[in-house]
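S.K.: Same order as they appear, the protein sequences are chains A and B. Each residue of the first sequence is one higher than the one before, starting from 0 at the first, in numbering that gives the first Met the number 0. Each residue of the second sequence is one higher than the one before, starting from 0 at the first, in numbering that gives the first Met the number 0.
Mixed in with the good hints there might be a few duds.
Just so you have them, the derived chain A footprint on chain B, three or more residues with Cβ under 8 Å [claimed, not checked]:
1) 5–13
2) 16–24
3) 47–60
Because the hints were derived from the structure by calculation, they are not lab data. This one's a predicted model, so the numbers in the text were calculated from it and none came from an experiment. A virtual CB, placed ideally from N, CA and C, is assigned to each residue, including glycine.
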Amino acid sequence: MPLADVSETYADLVTTVFSSTIAAKAWLATAALALALVQVTTAARMWGRLRFLPMRGPIVPRVHRWSGRIAFLCTLPVFFHCVTILGFRTPDTRVAVHSLVGTFFYGVFAAKVLIVRDRSLPGWALPVAGATLASTLGLLWLSSSLWYLTNVRFGF
Amino acid sequence: MRRGWRPILVGGAVVAGTFALAQAQMFEPSVPAVATVSGGDIYRGEIAFERECASCHGTGGAGGGVGPRLQGSGLDAAAVRAAVQQGRGVMPAALVSGEDEADVVAYVVSLSTP
């Protein structure tokens, strides 16, 4: 199968659920962002902040881990479309910012995952890495999904 | 080397790998030869189409509104460009123009190819 046909198969697959590949990206990124907010909230709870939230006990780290895993899965089709089909583009400021920040996203993600597992690092490293990752995702969402849903079409 | 550098090095390698993949665009879709006639960009055309044309022609040109279904319609670039520039039926002329027009023509031709 020629490599180019992969994009067609991907588009056929995605459009069984969404109206277009762009709409799919917009909504999957929105889901990832919502889960990232859950990540930030549960992380803050684990670090002794946001005490007013009713969550406590082992459920908090469990929710944190699973929201992270599902958010990561949500980003994969977006990554596939943006990186392997569209590539790095700079036709205007919005797309240039999106391409640049998007290039860094999985690098920040990989660094954060390694920092979680490394107990020898200073205590500030993990919150900084987590906040950077959430901010990166937020910037990506602002420069793509929000733009699409407000300027092009709000719908699946 | 101190262990603390590991996340930064691995993260940097992933960034470099992502950039290389993005430059390669290994799954860039094959564009029907006729679509390249307009010199437009199919991806940008899809966005412009969703914004300006989908309310009548349906999302992805699937039909379902005032305008006809465009998917698999067999229209070529010249026919699409003429319809966009001059309008047709209730469709006003020049709904999109300039670069947007070329992009929309490329996108519609890619849809039209049966």
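S.K.: Each hint needs a verdict: does it hold in this structure or not?
M.R.: We went through each hint and held it up to the structure:
no., hint, result
1, 5–13, "holds (count 8)"
2, 16–24, "holds (count 7)"
3, 47–60, "holds (count 5)"
When held up to the earlier numbered hints, the structure conflicts with none and fits them all.
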